[in-house]
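**Student:** If you want the building blocks of each chain, they are given just below.
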Amino acid sequence: MTDGNDGSRFDRLPPTAAERRVAGRPSREAVVGWWVERFGIDEGTFDGYTFWEKGAGKVWAFADAVESPADVEGLGMTFLRTRQEHWKPTTDAVQRFAADAERNVVRLDDADARAFLRGEDTDPGWDGDWGYLIAAHDIAGAVEPIGVGLYVHGELRSQMPKGRRREL
Amino acid sequence: MDPLSRYEPLVDDPDAFRAACGRSLPSVVRVNGIKATPERVERAFKKAGVGFDRVGWHEGLFRLEDGESPGNSWPFVHGWVYGQEEVSALPALALDPRPGERVFDCCAAPGSKTTQVAALMDDRGALVGNDNDLGRISALRSNAERCGVSNLVVTRQDARNVSLKPFSGRRFDRALVDVPCSCEGTVRKNPGAIESWSLDHVEGIAGVQKSILGRAIEVTRRGGTVVYSTCTFAPEENEAVLQHAIETRECRLVGFDLPVDSAAGVTEWNGETFDGSMRLAKRIYPHLNDTGGFFCAKLEVTG
Chain A
266 MTDGNDGSRF
276 DRLPPTAAER
286 RVAGRPSREA
296 VVGWWVERFG
306 IDEGTFDGYT
316 FWEKGAGKVW
326 AFADAVESPA
336 DVEGLGMTFL
346 RTRQEHWKPT
356 TDAVQRFAAD
366 AERNVVRLDD
376 ADARAFLRGE
386 DTDPGWDGDW
396 GYLIAAHDIA
406 GAVEPIGVGL
416 YVHGELRSQM
426 PKGRRREL
Chain B
1104 MDPLSRYEPL
1114 VDDPDAFRAA
1124 CGRSLPSVVR
1134 VNGIKATPER
1144 VERAFKKAGV
1154 GFDRVGWHEG
1164 LFRLEDGESP
1174 GNSWPFVHGW
1184 VYGQEEVSAL
1194 PALALDPRPG
1204 ERVFDCCAAP
1214 GSKTTQVAAL
1224 MDDRGALVGN
1234 DNDLGRISAL
1244 RSNAERCGVS
1254 NLVVTRQDAR
1264 NVSLKPFSGR
1274 RFDRALVDVP
1284 CSCEGTVRKN
1294 PGAIESWSLD
1304 HVEGIAGVQK
1314 SILGRAIEVT
1324 RRGGTVVYST
1334 CTFAPEENEA
1344 VLQHAIETRE
1354 CRLVGFDLPV
1364 DSAAGVTEWN
1374 GETFDGSMRL
1384 AKRIYPHLND
1394 TGGFFCAKLE
1404 VTG
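Chains as they are written, first to last, in this note's numbering: chain A, 266 to 433; chain B, 1104 to 1406.
Hint data in this document are derived by calculation from the structure and do not stem from the laboratory.
Some hints here could point you the wrong way.
Now the stretches of chain A that chain B is said to cover, found in silico as 3 or more residues with beta-carbon under 8 angstroms [claimed, not checked]:
(1) 305-313
(2) 333-347
(3) 389-400
(4) 422-433
A quick note: this is a predicted structure, and the numbers were derived from the prediction, not measured.
The beta-carbon is built from N, C-alpha and C at its ideal position, and this holds for glycine as well.
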């Protein structure tokens, strides 16, 4: 087992931890299981997807398959950050896959949704788990994810990437 | 010189052509089917007081009222819409990709057509979006991410000699060849496109276009589809490029339908004659549908 990870290319995640050859690399089973467990997302959502690491802990999700390793500029979308104490979903993945999430979704009112989008901290009165939550709001007849919030010490810290923040 | 005047002999109504070229175009957004439906976008725009008109020939296109900025709304933040000129939505319709196929977009950035192709594929299969410029690739990636595209492979290669090595040598089912061009067709958006026009540039870029189209045909499987498009009226960059392709590669032009009015491709220009199949290509002049100008052709790979 090597302890390295080549940040210049995409390496496909092993199906399970038992098949792991790069130390610290998460498995497909663990990555999918995390989304199912944390957000109650249907496992079938990820059927057909392959998962890839580029740079330590930066996991991408791709709807199809190519040969591994892949020397390309992008492969699907950024999906999850692992290799830190708490795994962190990306804004892209939450917007793409979490519309039907059943757990750890904090629904923001209009003013808080706008503040969240500006990158500000809010106090939505959440009494569930601490940690990374899906921040969502009601729009056009359904709940829609906006991004990722870190809930600690009674406040929701917006994790909107700087380039995605907006003043509406 | 005034480049538009050189095309007057080609159009049915030169006065209407000139008049349309002089009018500005509204902002248009296309609904991104990966994340939203036209109905949901309509509902969100109405709630937010965004003024719009639905485009008659495409249920997913919304013309915004003057002064509306597409980037400053919840539908944009959610990746439900993408700012895209109406005619620019045509080549993806001509390409007609299916979910699960392998599709190549050789000049993909910044990604309006790429994200549309991904949505037509239902975000399934593999879509390779290529560009040769890192800055433009960055724009492509950011647009694809906002649209929730997860079937896109981004590559950085010169489209004239692109390699199939990252794809195990397998050829594609379809290729979109939306090449860099002299862009007079965008005059209603960018009057500068006319000011910077020169015949030298047209002749130089036509060589690049021939190489890019030729390579795209080579990396598409027998029986596969290649769509060639530009936003120029210049036959040097349109029919002459296609003529070169059918003479040097195993392919032929095929007929196709578009939901807008168009004129046939030309078979003669400045003393040069082209194959009769060029009539299967479509020229979209600004006065025909009150849009920007465009050119689109569909090829079948036969070898």
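**Student:** Checking C-beta pairs, does the stretch 333-347 of chain A have three or more residues closer than 8 angstroms to chain B?
**Tutor:** holds (count 9)
**Student:** Check whether three or more residues of the stretch 389-400 of chain A sit with their beta carbon closer than 8 angstroms to a beta carbon of chain B.
**Tutor:** violated (count 0)
**Student:** So is the stretch 305-313 of chain A in contact with chain B by the C-beta rule, three or more residues under 8 angstroms, or is the coverage claim wrong?
**Tutor:** violated (count 1)
**Student:** Per the coverage rule (Cβ-Cβ under 8 angstroms, at least three residues), is the stretch 422-433 of chain A covered by chain B?
**Tutor:** holds (count 4)
Hints 1 and 3 from the list above are not met by this structure, while the remaining hints are.
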